[in-house]
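We have chain A already, so just place chains B and C on it with the hints.
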Amino acid sequence: MYSYYFRLGVRSLRRNPALTLLMLLTLAVGVAASISTLTVVHVLSGDPIPAKSAKLLVPQIDNGPVAGYTGTQEPKDLQMSYTDAANLLRSGQGRRRTAMYGVTLPIESPRKDLPAFNATGLASTRDFFAMFDVPFLYGQPWSKADDDKGADVVVLGRATAQRLFGNNNPVGMQVTQRSTPYIVVGVVDTWAPLPRYYKLIGGDPFGRAEEFFIPLNNATQRKIAPSGNVSCEVDREPGFAALLTSECTWLQFWFELGDASERDALHGWLRNYTQDQQRLARLKRNAPVGLYDVMQWMEKLKVVGNDSKLSAWLAFGFLLLCLVNTVGLLLAKFSARAAEIGVRRALGASRMDIFRQFVIETAVVGLAGGVLGLVLAFGALNLIGMQSTAMAAVAHIDWKMLLLTFVVSVLSSLLAGVLPTWRACNVTPAMQLKSQ
Amino acid sequence: MLHMTNLSMVYRTHLIETHALRDFAIHVEEGEFVTVTGPSGSGKTSFLNIAGLLEEFTSGQYILDGVDVKGLDDDARSCLRNEKLGFIFQGFNLIPDLNLYNNVDVPLRYRGFDADERRERIEAALSQVGLSSRMKHYPAELSGGQQQRVAIARALAGSPKLLLADEPTGNLDTQMARGVMELLEEINAAGTTILMVTHDAEMAMRSQRNIHIIDGQVSDVVRGRPSLARIAVPNDVPPTMTA
Amino acid sequence: MTFHPILSALLRSKTGPILVALQVGLSLAILANALHIVDERRAMAARPSGLADEHAIFSISVRDVADMTPELELSAMKRQIDVLRAIPGVVAVANVSQMPLSRSGSTASLALDRRQTRESAQASMYIAGDSLVKGFGLRLIEGRDFLPHEVIEVNLSASMKIPAQGMMTKPLADKLWPQASAVGRTIYFGSGENAQAVQIVGVVERLQSPHAQAGPEAEQSIVIPARLYGAGQGSLLSVRTEAGQRDRVMREAETALVRASPMPQLIRMVTVDDDRNARYRADLALQWALIIVSVLLLLVTCSGIVGMASLWVAQRRKQIGVRRALGARRIDILRYFIAENLIITSCGVVTGLLLGVQLNQLLVSQLEVAHLPFVYLAGGAIMLWILGVAAAWGPAWRAARISPATATRGVTQ
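Here the protein sequences come in this chain order: A, B and C.
Counting in our numbering, the first sequence tops out at residue 436, every number present.
Counting in our numbering, the second sequence tops out at residue 1243, every number present.
Counting in our numbering, the third sequence tops out at residue 2413, every number present.
Please keep in mind that the hints were generated in silico from the structure rather than gathered at the bench.
Using N, Cα and C, we set each Cβ at its ideal position, and we do this for glycine too.
You may find that some hints are simply not true.
To be verified - Simulated coverage check for chain A against chain C, where a stretch passes if three residues somewhere in it have a Cβ under 8 Å from a Cβ of chain C:
id, stretch
1, 115 to 121
2, 233 to 245
3, 304 to 311
Said to hold, decoys possible - Distance ranges between label pairs, derived from CB positions:
id, chain 1, residue 1, chain 2, residue 2, range
4, C, Arg2330, B, Gln1217, 48 to 56 Å
5, C, Ser2008, B, Gln1061, 37 to 45 Å
6, A, His396, C, Ile2292, 16 to 24 Å
7, C, Pro2148, A, Asp204, 16 to 24 Å
Just chain A, with the same shape it has in the complex:
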C-alpha cells in the first residue's frame, strides 16, 4: 500500500509541474539556508577531541593588581604569567601538564637555494604532544632530559619538513633558527584541528598550523620573545628576564587528568595554591580560580562568533517563512484534489487511508525538496567559504549534516502538511460528488 501511495505522490508532483517546482524550490531554499549556516555553527562548536575533552583543563588565575579591583570583574587577559606556569608545571598535578607560547623565528635551510623564511611555531613542554594526541610522521617528541635542560632540539611540522628536506626523513638533521643550530628530533604528521583549541589566544586559531615546536625552556633560555598576546597590568622592567619574573601574562597552560572525576580535586589544589601565593603577597587579588575543559574554554573565548550564530538564526527564520508558504501551497494542491478524495472515499477509502496517502505525498515533497536543498546547500557553503580562511576550512558538509538535510526537509514538509492533510481527511464523499 505504501509503495502505491509513494507512486501516487510522485505522480501528483508531475501533474502540475509549475506548482511542484515552486513548492520544491521554496522548501529547498529554506532547507539550504538553514543547513549551511547550521553546518558552520556545528563545525565551529564541535568537540575537537571527544575522547579527552572533559579531561583537558585550562586553569585561570587572576594575578592583576588590587588597586581599583571591585571584586567581581573578569581579568583582562586569560593567559598565565611565567611564575604561575613554572609553579604549576612543577606541581605534578594531574596526569600530565604543559605550558606554551607562540614564537616567530627565521629558519634557515641547509639548502643553499632556499632563502630563509619567517616561521611561526610553539614553545612548549614535551607532554604537549601526548596530551593533544599529536600524530608523528617521523621520530618522536624530545626526551625529558632535553625538555628539562632546554636543549636545542626542534620538532617540525609536516609542511615545513617537506619544504626544507623534501620527502626525506629529517630526524637527526640540523636547521638553523636565528643563527642557532637545532637538531630535528621528529616531524608531526598532518594535524589541523579547527579551531586550534589548545592555543586560542593570540594569532588566528583558524590560520596555518604550527611550523615548528621547541622546548619551552629552550625558548626562555634563548630569550625568544613571545609572538602573541602579552598583557601587563602592572609596569615591568625592560628585558626578557624581567618579563619572566613580572606579572605579565603571556603563556597558555593545560592540565590533563587521568579521569574527569579528578577535576574537583584539581580545583581544590589550585585554590590552595592561589591562597599560598596570596600569603606570599605575590597574588594581590582575592579572586576565584577558573578551571575550564575544552568545550567550556571554547565557549568562553567565543569560538562560535556572533556572526555565525546570527546567520544561523536568520536562516531558521527564513525556513519558518518557507514552511508557512509551503502550508499554503499544499492547501492549494490538496484542495484541488477534493473531487478525487470524494471519489476515493465513496469507493471505500477510510479517513485513515486518505491520511496515509497524503502524509506519504507530503513526505515525497520533503524528500525531493531535500535533494534540491542539498545541492543548494553545497552552493551556499561555497559562498560562505569565501568569507575568510576560517570559514573556508569550516564550511564543509559531513555525513551527519547530509543526513540532517533530509531529516529537516522531510520534517518541515510533514509539519507544513499537517493542516492540509487534516483538511483532506475531512472531505465528505457526498458533497464533492454532488457539486460536480
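Just chains B and C, lined up with the frame of chain A:
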C-alpha cells in the same frame, strides 16, 4: 420592454463553430410573465445570457427598456444590468461568506446608494420575501426554499424593470417550489416583467405565454392567465405558505 | 471602497488569510533586522582610517636572519629608512610600532591623575620614531607635530622609558577633556607612583586602531615619539608614496633593501588596502548573506501572495460571475481583490512590526546587535505593502476578466 430582432449568436470553440441562436426574434411587453422552454442545447441559456447582458451577441438588434444594447461597452452593460435587471438562478448563487443582509446588499453597493437608502431597500426586500427576522444568518443555515427567496430579495432590492429567472424551482421540493412561484406571481402582479426559463413542460403549458426554443429558433405560444403556482401541487390541496 | 463586507467574508474562512498575513509578518520582521545589520556593517567598513591616501601607503617589516645586538639593530633601521627615502616617488617613511587595520597592535592604559586606581581610557598606542603626521598623512587639527629633539630612542632590552610628549586623536581628547582642548594637558601611562607623565602637544582628527573595532574604541589612539629597538624582532616601517606610485615603489623598495644590507634579511610588505580588505572581509560576506536572504524572503512572500490570490480567484469564479451579473464592473472586481489583499497585508504588517521588535530585542540581548531604529520597520512595511498589491494585481486582473456568464453557465465554460 425587451425586443430582439434578427439576433444571432455564434460560438467559436477551437475550430468548431456553433450557432447558439440564429435569426432569433422576440418581443416582451412590460408586465408580462413569460416562460421559456426548450431541450438541452437548444440555446435557452444563451438567450437568457444575452437577455441579461451577460454575454454579447454576434449580430442583430436587442433593445432593452428603450436602450439599444449594441455598442455598449462592458462598464455600460454592467450599469444597465445593475439598474434594470434582476437575476434568480437555479443554484441560488448566494455568497456563502456573507450573511443575508450583506448578500442582498451586493448589487446596491455597485449602484452607489448611500447607507440609509441601502438599509431601507434591504429591509423592504427581505420583509417582502418573509425573511427579515433572519437578516444576520448565513445561507448555509437556510433551507433551499429560503435561500431562493433571499436570492429573489436580492434581485428585487434594486427595483428592477425585468426579472430573469433560470429554473428557479429546479432545486426545490414541491412545497418550496409553490411558495417561490406564488412570490413570483405577486411580484409580477405588482408590475415587474418576468422572464422565466423552465424545464417543466406542464408549467410552460399553463403559463400565460410560452416561448419555445429549438435549435436556436423560436416558436411562440400565447394563452390566457392561469396560475403557475397551482402546477407545483399535483393534487388540489389548498396552497399554504411553507418552507 | 467598502471594507466591511470584505472583512467579514475573510473572517469566515480564516486559514488562507492567516497564512498570507503570517508570511508578510515574518518577512517584515526578518527583513527590517537584516537590512539594519547590513547598513551598520556597511557604515562600519566605510569608516576612514585617518590616513591621507590609503592606496598610497604600505608597510615593510624587515628582520635580519641572524641575531643582532641592539646597537646594530638601530643602525640597520636608520639605514633602511635612508634607503627607502631615496627611492623616487616616496613622500615619507616612518618607523612605527603598528599599522592601522592590521589587526595586530598594542593598547595602553591612560589615567588623568596618578592617584587613580581605575584607568580613564584605554587607547591604541602608536610608538613612532618618525613623524606620523607626515608618514600617514594625518590631519593635525590642534597644536603641533613633535619636534626632532622630542623623539627619544629606546633600547627595549634595557629600558621602558616613555617620551615626555604625546599626540592623541580628537575622540580620545574629547573623552578625557570633554569641553577643553587637550593641548598642553598631561596624561599618565598606567597609574600609581611610577606612572609616566606625558604632555599632549597635538591633536589629530582621526587615527584608527589596528583592530578597528565596531565601537568608539576604534578611534581612540595615542601617538608617542620613540624609536624602539633591541627586541630582536627587526623593524616595522611605513612608506607613503605619491598617488599611483605605490606598486612600483614596493618593487624598488625590496630590491633596494636587499642591496643595502650585507646580511640576509626577511622582508615582508603589506599594503593598507590589503589590511582593510582582510579586516572587513567577514563583514562584507555577512552583508551579502543577509542581502541574499532578504531577496529570497521577498520572492517567497511574493509567490505566497500570488499563489493564495490565484487560488481564491479560482475558488470564487462563480461568485465573481454572480457579482458581475448583479452589476459589478470589472474595476469593482479588481478593487475588491486589491482591497482584500490590502487588509491581509496590513494585518501582516502589524504582526511584522511586533515580531520585528521582538526579534531585535532577542538579537540585542543574545548577539550584541544594535538596537533597531523604527525607520527600517517603516521602510520594510512600505516595501511589503507595495509588494502585496503588486503580487495580487495579476490574479485580481484575471478575476476582473471573468465573464458574467459564469453565473449561469458555470465554471467550466
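Each hint, compared with the structure:
1. 115 to 121: holds (count 4)
2. 233 to 245: holds (count 8)
3. 304 to 311: holds (count 5)
4. Arg2330(C) / Gln1217(B): 48 to 56 Å: violated, 33 Å
5. Ser2008(C) / Gln1061(B): 37 to 45 Å: holds, 43 Å
6. His396(A) / Ile2292(C): 16 to 24 Å: Roughly 20 Å apart at Cβ, these two residues keep to the hinted range, so it holds.
7. Pro2148(C) / Asp204(A): 16 to 24 Å: violated, 39 Å
Hints 4, 7 from the earlier list are contradicted by this structure; the remaining hints agree with it.
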